[in-house]
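*Asks:* In order, the protein sequences belong to chains A and B.
Mapping of the first sequence onto my numbering: residues 1 to 325, in sequence order.
Mapping of the second sequence onto my numbering: residues 1001 to 1327, in sequence order.
If you are wondering where the hints come from, they were derived from the structure by calculation, not from laboratory data.
A few of these clues could be false.
Unchecked claim - Residues on chain B that point at chain A, a partial pick, calculated with CB under 10 Å:
id: 1; residue: 1064
id: 2; residue: 1069
id: 3; residue: 1073
id: 4; residue: 1144
id: 5; residue: 1195
Claimed, not checked - In silico negatives: residues of chain A with every beta carbon more than 10 Å from chain B:
id: 6; residue: 91
id: 7; residue: 154
id: 8; residue: 194
id: 9; residue: 203
id: 10; residue: 265
id: 11; residue: 268
id: 12; residue: 295
Said to hold, decoys possible - Negatives, chain B to chain A, calculated, CB over 10 Å:
id: 13; residue: 1051
id: 14; residue: 1154
id: 15; residue: 1245
Where is the CB? At the ideal position from N, CA and C, for every residue including glycine.
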Amino acid sequence: MTTSDPAPRSARTTETSTGLAIGDQRKPQQKIKSRRIRRSVSGTIFDSLNYLILIGLALITVLPFLYVIAGSFAGEAEITSRPFFIWPHKFVMSSYNYIFSTNAFLRSLIVTIGVTVVGTAVQVAMTFLMAYPLSRRELPGRNLILNLIIFTMVFGGGMIPTFLIVKALGLLDNYAALFLPAAINAFYLVIAKNFFQELPEELQEAARIDGCTELGVFTRIVLPLSKPILATFALFYAVGIWNDFMSPLLYISSPSKWTLQMFVRQVTVSADVANVTGQVDPDWVPPAQGIKFATVVIATVPILLFYPFLQKHFAKGVLIGSVKG
Amino acid sequence: MSAAAVDQLRPDSGASPAPDEPIVPRKVSLARRMYRFRWLYLMLIPGAAYFVIFKYAPMYGITIAFQDYLPFLGFRGSPWVGFEHFQELFASPDFGRLMANTLILALLHAVFAFPAPIIVALLLNEVRLQVLKRSVQSLIYIPHFLSWTIVASLTYLLFAMDTGAITHLMNSIFGANFDFLSDPHWFRPLIILQTLWKSTGWGTIIYLAALAGVDENLYEAARIDGANRWKQTWHITLPAIRSTVVIMAILMTGNLLDSGFEQIYLMTNSLNRDVADVFDTYVYYIGITQGQYSYSTAVGLFKAVVGIILIFGSNWLARRLGQTGLF
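This is chain B alone, in the form it adopts within the complex:
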């Protein structure tokens, strides 16, 4: 069958013209075109229903941030109160603490967790022994697939006051009695340590892919010009992954206020509350356990809006600095 004939039978080439019908219909009516695709629309229904119910209905549900939501009155019936909950949030003594905790964790992530995969990827890239490289890679990916519950459990087992292996070790080195899990001073270091342990290896994938794309000829040219390995790294490898780094940085900014609910929640206890409470967990405590739906929705909305501003802001900044942005 010729290509033209096949084309005739394609649904999008219009109605397959019956012999007695004039071949006019360049524009088949929308209804007819849609009827032709009825099976496809039928297949779309479950997915569409999912997005409407579990994605768009909650977006509409955000309106309760501006209401005094009462469950028996629902989204539509509850009385409107305007920005009252937001004012309450900004005036609340919790606000400063939440903001500080969230921002400090975000900053620590930016300083420690963001560059770690880049450094490890650069180190891995210099390994000429393929066996070593492969095995190190396979091993450091593993924690990515474990749940935060497991990571928290390992932390508890290793850092527990009397029985933890690392606590034992630290006690014998420094001759002090460490109490990692309930001393608030250790909360942030532990969180960063967990993040580094869980996600550094996995984070290297994207950078290794970028490094694989570097043109070999550049290295050869540099070597002819007398560049040593360090200079090759500085002048070729690093510039080559710059755009990947920028994109990852933009993505990170968007999640800056996402402290990671599961991780923080699992590491929070009554003794470290003061430094542990972040927007994510606060929404849970206030909303789910105390039932203040409207107020906690307002807190969540505030966080989401700041996050969106941050991602667009950093994208704008990246483009101003002459880098390719995300959008």
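This is chain A alone, in the form it adopts within the complex:
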């Protein structure tokens, strides 16, 4: 993808230098070299400073993770005595052993995985099912529907009226409340619609001539051609559900239905380790700090596993969105 990686300056310099060196075509390479050295001093200072700043930024981004990962494998004593480390003296699994032995954690993990899988399927299906008809320019009423959708991107009912609707539908404390109220992201819908519009018309025509119904055209022609964007939106939506904290906070009242994000918050922010784990073994003190580190790691790992895919697709999505809105 060229767009997120602007043409390298190095290429730029080489090109122009060669251009300038047209009269001296025998040794263009040497010319470039000398030019580069000559521009030094201030340039070199700037470059080194720039590199230092950027590497510093990268470190600031990454160090907290390394600390948390190291802490999750360290013993309780080490976490409390060593101020900062990214490599534990001794690797122990006690934090992980502990949280994986508690029902509350396991339940929240299973709930989160389940809701993410089902919710993503529902959201992708609903988005695509709606995007396809709207991609057909000749559909009567299409513009009206599109405008009504775009309006929801500017204005919404807000937290309380939405809550009351969810409540009226009997979805409070129901897992469906974690994905249905956000089933279609208007922004993704518009991107998907634009994508369908770009698909070659001829294939669809041919299918129709062969007696395919509209539904058949969609499932047999359009969907197979849309695999990349299908995968992209599945990732979009899955990350959204996995990371969502507001919906479970608003709509889920019984702790037994909590998602991982709610659990993480309870353990780390409220420091309510005992309550959540419900351990009543007086002889054994749970590794209170270690648990915090381990829960953060487990809630983050899936995102980091998918990160290479995410980065690629999301960047593209952002750009498509910004260009075509």
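With chain A held as given, fit chain B onto it using these hints.
*Replies:* Relative to the frame of chain A, chain B by itself:
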């Protein structure tokens, strides 16, 4: 098959004329056209139902801001009270505090979080070492994909009073006992720090894309004219991304009062309430936890209306200043 023949079979070219039918119907009746698309409409139903139920019904639900909403009477049955809740809001001692907290956070975002991606993008753009550029980019994008819960957790782990790594460090440097998490003075710096950490890297994408579109010839011409790197940046790179900056600024203004519910909520505790309460979290506390539906809807509506005025206002201003606006 010729193009004309294909065109004949297109649904929008009217009824495919049967041999004995006169070829008049330039205008097929709407009902017939819609019947032709019945499958497409069928596919639209779930999505349409979604927008009606979860987007438009809540908009209608805003009417309860002008009612004394009683759950068993519903949106339609509850008694109307006009602007009573708005008057109550403006008269309430909370209002000034909420407004101040919200605006201060918005201002801090505008000053720190808005320019940060632009600066980082400019720095990245100057990097000639592709390996370095790629790896820095990949690393600083990561936090964007983490939930606010994780960001808050990391903050708590790093800044906790006795055990936090950064607290340790600060204590040993300044010889004081820092209490970042409950001292109200540290609330805003922490919020800004979180935002910078989470979104700066991701924000660079759009600016890097804009920078990639700059015509190489401009740089070449500038170099021939003797422009050094700083002058190239000032006279070519910055003007080139000006329209992107303006659009991002307009978008930011629209969200000025959106303090970010999850982030603020997760960082709020009983000790920093005074500086932490913003419109978003206030709506939650008053509405969901205390059940004052009508009043909190009025608060939310006030916020939304101000936001819309701001976005249209800044758009108007951008156009007056000779920039391309958003609409």
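*Asks:* With reference to the structure, classify each hint as holding or not holding.
*Replies:* Here is how each hint holds up against the structure:
1. 1064: holds (7 Å)
2. 1069: holds (8 Å)
3. 1073: For residue 1073 (chain B), the interface hint is violated, since the closest Cβ of chain A sits about 12 Å away, which is over 10 Å.
4. 1144: holds (8 Å)
5. 1195: violated (14 Å)
6. 91: holds (19 Å)
7. 154: Violated, because the least Cβ-Cβ distance between residue 154 (chain A) and chain B comes to about 7 Å, which does not exceed 10 Å.
8. 194: With a cut-off of 10 Å, residue 194 (chain A) remains clear of chain B, as the shortest Cβ separation is near 16 Å.
9. 203: Consistent with the label, residue 203 (chain A) stays out of reach of chain B, its closest Cβ about 12 Å off (over 10 Å).
10. 265: violated (5 Å)
11. 268: Violated, since 4 Å does not exceed 10 Å.
12. 295: Violated, because the least Cβ-Cβ distance between residue 295 (chain A) and chain B comes to about 8 Å, which does not exceed 10 Å.
13. 1051: At about 6 Å from chain A, residue 1051 (chain B) fails to clear the 10 Å cut-off, so the statement is violated.
14. 1154: Its Cβ does come within 10 Å of chain A, the nearest being 5 Å, so this is violated.
15. 1245: Consistent with the label, residue 1245 (chain B) stays out of reach of chain A, its closest Cβ about 13 Å off (over 10 Å).
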